[in-house]
Each structure stands twice: as C-alpha cells, then as structure tokens.
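Engineer: With the hints as constraints, model all of the structure from the sequences given.
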Amino acid sequence: DLIGDVAIAALLVCFTAVATNIETGREVWLTRGPLLEAIRASIAIPVLFPPYRLNGGLLVDGGILNPVPIAPTLGDDTDLTIAINVSGQVQLAADAPEIPPDSADSESGYLRRAVNNLRKRSAVPVSWQMLDIATQAFDAMQSTIARQKMAAYPPDILVEIPRNLCRIHEFHRAAELIEVGYRMAAEIIPRELDRAGPRRQAPLGPSHPG
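Numbering (this note's numbering) for the sequence shown: 9 to 218.
For the record, the hints were derived by calculation from the structure and aren't laboratory data. Bear in mind the structure is a predicted one, so any value in this text is a computation, not a measurement. Using N, Cα and C, we set each Cβ at its ideal position, and we do this for glycine too. One or more hints might be untrue.
Pair by pair, the computed Cβ-Cβ distance ranges are [unchecked claim]:
1) ALA194 to MET149: 26 to 34 Å
2) GLU31 to ALA204: 18 to 26 Å
3) TYR161 to LEU20: 36 to 44 Å
4) ASP140 to LEU88: 19 to 27 Å
5) ALA194 to GLY64: 40 to 48 Å
6) GLN137 to ALA15: 35 to 43 Å
Structural biologist: Here it is as structure tokens:
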C-alpha cells in the first residue's frame, strides 16, 4: 500500500537496491523491475525474513556483503555522495525515551504488520532472545565490512547512526528513529558542507516535514 505498483525506471531519482545472492555469494544490484520486489529482496534479513526469489536468484539482505553501498552510485550524475551508516559505533548511554507502539494505521504500524506477515511465511520460528544475540554478532560484522567499504569508496559526507539505538524487531520505534536520523543529518551535513567550501554547496532538497 505504501509503495504500490511502481517500476524503478519510473522513479524521478536514480535508485539501486542492493541484495545478496546466497546461492552464489555475490552482491546483486537491482536497478530495474518492480520497486516493491527490489525492496523486498534487499531487506530479507536472514532469520527474520525468508529469502526472496527474484530474477532466478535467491536473495537476502544486501547488508551482508555491503552495508554501505556506495559503489552502485558511482555512475550516477550527482553533486556529492552522502552515506548513512547504520552500523556506527555503539552509543554507551542512550538518552532517547521509549515510546509506545504506533497506532495500527500509522506508517510504522503498517510496517510492523507487514513484517509479521512476512515472518508467518517462514517455517523457521524466531526466538527474540536468540535473535538479539545473532543480531549483535551480525552488526559487529557489518560494522567492520562497512569501514572497509568506505575506505575503498569514501563518501563526501558520512552520517553514522549508532548501531545499538534499537533492536532489530523494534518497528514500533520507527518514528523516533527516523527523527534521530534526521536530526543527526541536519547537524552533520551543513557542517561538512561549510568545511568543504563553495565547491560542495549543493542543494539539500526540501525541509523536513513538520
């Protein structure tokens, strides 16, 4: 419902979803076809979501091999590259308050229902306690890979989100986490643009909706 029947080619901006083919162990860039299928394949976190069969491959989350996919954007006509690393350094003291689950008709409520529907299709039951342990190990691995990828393809501006701001199943905190990401970006991006000088004074688009 949020995305609808939209083709990637019809989007107003360049878009690439990154997935991992678990049968070949290769990174897959999805640049054409239905947008919903590309997103579904690229978010198939192992254990949480079942893999998604697309274009003859069995695909899972692209973050397994490339948590910060900068390379797919190198051919795009851009003024600068802004990377968001959600596998940033652990925040030792989280000061963001807990919020109650969003209403069923909110966007995050919809996402939570969608996740539950996807999980029901998997024959593998999920224990949240074991999942948390697996997630922490997965996050540590992703953090290392992310640093290596960014060393090879350094972005112009980097926004790092502490990887322990939430647990993998806390979809009810979507609004809170989106706001955290926006505030961090709003602080870091202008500062880095000022530091880079006039050459990097690119427009940042519309203001954050109120």
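Engineer: Decide, hint by hint, whether the structure agrees.
Structural biologist: For each hint, the structure was consulted:
1. ALA194 to MET149: 26 to 34 Å: holds, 30 Å
2. GLU31 to ALA204: 18 to 26 Å: With Cβ atoms ~42 Å apart, the hint is violated.
3. TYR161 to LEU20: 36 to 44 Å: violated, 25 Å
4. ASP140 to LEU88: 19 to 27 Å: violated, 36 Å
5. ALA194 to GLY64: 40 to 48 Å: For GLY64 against ALA194, whose Cβ atoms are near 42 Å apart, the range 40 to 48 Å holds.
6. GLN137 to ALA15: 35 to 43 Å: Holds - the Cβ-Cβ distance for GLN137 and ALA15, about 41 Å, lies within 35 to 43 Å.
Of the hints listed earlier, those the structure fails to meet are numbers 2, 3 and 4, in rising order.
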